[in-house]
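Novice: Below are the chains, spelled out letter by letter.
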Amino acid sequence: MQFCSSICLTAKVPVRVQSLHMNSTTVNDPSSIAAVPVPKWSQKTIVLPPLKRGCHLITSKIVKEIQPDLSAFQCGLAHLFLHHTSASLTINENYDYDVRDDTETFLNRIVPEGPSAPWKHTLEGPDDMPAHIKSSMFGCALTIPISTGKLNMGTWQGIWLCEHRDYPTARTLVVTLNGI
Amino acid sequence: MQFCSSICLTAKVPVRVQSLHMNSTTVNDPSSIAAVPVPKWSQKTIVLPPLKRGCHLITSKIVKEIQPDLSAFQCGLAHLFLHHTSASLTINENYDYDVRDDTETFLNRIVPEGPSAPWKHTLEGPDDMPAHIKSSMFGCALTIPISTGKLNMGTWQGIWLCEHRDYPTARTLVVTLNGI
Amino acid sequence: MQFCSSICLTAKVPVRVQSLHMNSTTVNDPSSIAAVPVPKWSQKTIVLPPLKRGCHLITSKIVKEIQPDLSAFQCGLAHLFLHHTSASLTINENYDYDVRDDTETFLNRIVPEGPSAPWKHTLEGPDDMPAHIKSSMFGCALTIPISTGKLNMGTWQGIWLCEHRDYPTARTLVVTLNGI
Numbered sequence: 001m002q003f004c005s006s007i008c009l010t011a012k013v014p015v016r017v018q019s020l021h022m023n024s025t026t027v028n029d030p031s032s033i034a035a036v037p038v039p040k041w042s043q044k045t046i047v048l049p050p051l052k053r054g055c056h057l058i059t060s061k062i063v064k065e066i067q068p069d070l071s072a073f074q075c076g077l078a079h080l081f082l083h084h085t086s087a088s089l090t091i092n093e094n095y096d097y098d099v100r101d102d103t104e105t106f107l108n109r110i111v112p113e114g115p116s117a118p119w120k121h122t123l124e125g126p127d128d129m130p131a132h133i134k135s136s137m138f139g140c141a142l143t144i145p146i147s148t149g150k151l152n153m154g155t156w157q158g159i160w161l162c163e164h165r166d167y168p169t170a171r172t173l174v175v176t177l178n179g180i
Numbered sequence: 001m002q003f004c005s006s007i008c009l010t011a012k013v014p015v016r017v018q019s020l021h022m023n024s025t026t027v028n029d030p031s032s033i034a035a036v037p038v039p040k041w042s043q044k045t046i047v048l049p050p051l052k053r054g055c056h057l058i059t060s061k062i063v064k065e066i067q068p069d070l071s072a073f074q075c076g077l078a079h080l081f082l083h084h085t086s087a088s089l090t091i092n093e094n095y096d097y098d099v100r101d102d103t104e105t106f107l108n109r110i111v112p113e114g115p116s117a118p119w120k121h122t123l124e125g126p127d128d129m130p131a132h133i134k135s136s137m138f139g140c141a142l143t144i145p146i147s148t149g150k151l152n153m154g155t156w157q158g159i160w161l162c163e164h165r166d167y168p169t170a171r172t173l174v175v176t177l178n179g180i
Numbered sequence: 001m002q003f004c005s006s007i008c009l010t011a012k013v014p015v016r017v018q019s020l021h022m023n024s025t026t027v028n029d030p031s032s033i034a035a036v037p038v039p040k041w042s043q044k045t046i047v048l049p050p051l052k053r054g055c056h057l058i059t060s061k062i063v064k065e066i067q068p069d070l071s072a073f074q075c076g077l078a079h080l081f082l083h084h085t086s087a088s089l090t091i092n093e094n095y096d097y098d099v100r101d102d103t104e105t106f107l108n109r110i111v112p113e114g115p116s117a118p119w120k121h122t123l124e125g126p127d128d129m130p131a132h133i134k135s136s137m138f139g140c141a142l143t144i145p146i147s148t149g150k151l152n153m154g155t156w157q158g159i160w161l162c163e164h165r166d167y168p169t170a171r172t173l174v175v176t177l178n179g180i
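Chains as they are written, first to last, in UniProt numbering: chain A, 1 to 180; chain B, 1 to 180; chain C, 1 to 180.
Keep in mind that a hint or two might mislead.
Identical copies carry no separate label here, and so any pair may be met within one copy or between two of them.
To be verified - Each computed BS3-like pair below joins lysine-lysine, with the alpha-carbon atoms no more than 27 Å apart:
hint, residue 1, residue 2
1, K150, K44
2, K64, K52
3, K120, K150
4, K120, K44
5, K64, K120
6, K120, K52
Don't read these hints as lab results, they were simulated from the structure.
The structure displayed is predicted, hence computed values, not measured ones.
Generate coordinates for the entire structure from the input sequences, incorporating the hints supplied.
Specialist: Written out as structure tokens, the structure reads:
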């Protein structure tokens, strides 16, 4: 591993640190095992109803499904994994619908679709190969920190499901929670 | 964190939940510590042989390497991390070779290469700077859920290694398994 | 899950394995609980000073902040999560500044900006919608393996913060460490 560059060395404003949780002190003391928060795992499969082609905010849907488990974690990670190769998960703006609409516009401009597109894989329709490409561009998985029983995201962040097919189907997600 | 949008509120089809694992009940009871599944960690460095420029399905190769450890996890996460900046890992279609070929076509169309490309970083060959860009587009890491001793992916999902250099070399991955 | 393709089946060079850590042997033996490394969690919020539009190497800054905690982990994962939708995190080359500069050039060429751009979301300035798109292209999160107290990255890999706004602000990251 190599470190740093001229840019990060010359930054003048100090880095500020706001919070820290650590539970390693009693690890080697058998008499205090009960005091060590034992890590918990939770895993749930969620099936989302079909959503039309485009980008959709699904934060509240996801949180509603995992809330009972989520609230038990003081510190941890939430992992969302989509079981599909023609849709994607991303984190982006949670307020203005136009941002989702413009993102769909971008994806359609950057990935050719239709008779002039160069794809060999066309058996499943003209929107299928573009959907596969968009799925790898944004990815099918997210990992989000958990703090004090909640997803620890920024004020303007939300979870998006991007549906890349014209005739959408239900979409399956595996949500795995891990923490203390 | 802010929740929801008009779209997810108006979805008519109920979300279906299929499975749930949780092991928090005995955490504060010292007499039952043996009943709490103690989290396990496994970490392995795998070196893949050189693969030609393009997208390659490597699911079986990866699973073969981690199988003995993987089968011991009832619930967890598998993390794959590529040690390189000119190749990438992604999850996409596992059946039709054309999908991988079309994805390589897309990457080559979207990232300029050759004399007319605008890159300043050209010392390592005309394919090097495009390779770095493609690496950040798809990313060098994947996290996949583990359920009952197996990678819990969708029917059509596979793990791809995308080699972005013309003269490929062996590629190193660190695979970390964590779970109960 | 489906496995393999013609390509990975025909690879001639054997996969080499370099290291393995595993701690599952004593899990069901209550008398040996003290011998099982109890997983640790650490979570920290870091505020980075404003950085100008472009790609910046921040590895040393991040490592400096998490070093005291990081060194306590023999095996684990480090998760970095940016609290913003107009900047991104990625892993790429850590040596030549031109690689970062060329990546910024690529992002600006691929995402239209200015009067001719097709965006509806323009209230927050011409650079705002392009910034959201770039944020989803590279993503706002990274997961990196930890081995023997250090981030286990490749020789040429570094952590980049990509600032996509013209008038940057301080950026908040949540760093979560988990391991044994």
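Novice: Next, verify each hint and record whether it holds.
Specialist: Hint by hint, here is what the structure shows:
Taking the closest pair of Cα atoms, K150 and K44 come within 27 Å of each other both inside a single copy (17 Å) and across two copies (15 Å). In this assembly of identical chains, the alpha carbons of K64 and K52 lie at most 27 Å apart only when taken from the same copy (21 Å versus 38 Å across copies). In this assembly of identical chains, K120 and K150 lie within 27 Å of each other by CA distance neither inside one copy nor across copies; the values are 45 Å within and 32 Å between. Taking the shortest alpha-carbon separations for K120 and K44, neither the intra-copy value of 37 Å nor the inter-copy value of 37 Å comes in at or below 27 Å.
Neither within a single protomer nor between protomers do K64 and K120 lie at most 27 Å apart by alpha-carbon distance, with minima of 41 Å and 31 Å respectively. Taking identical chains as interchangeable, the C-alpha atoms of K120 and K52 lie at most 27 Å apart whether they share a chain (25 Å) or sit on different chains (20 Å).
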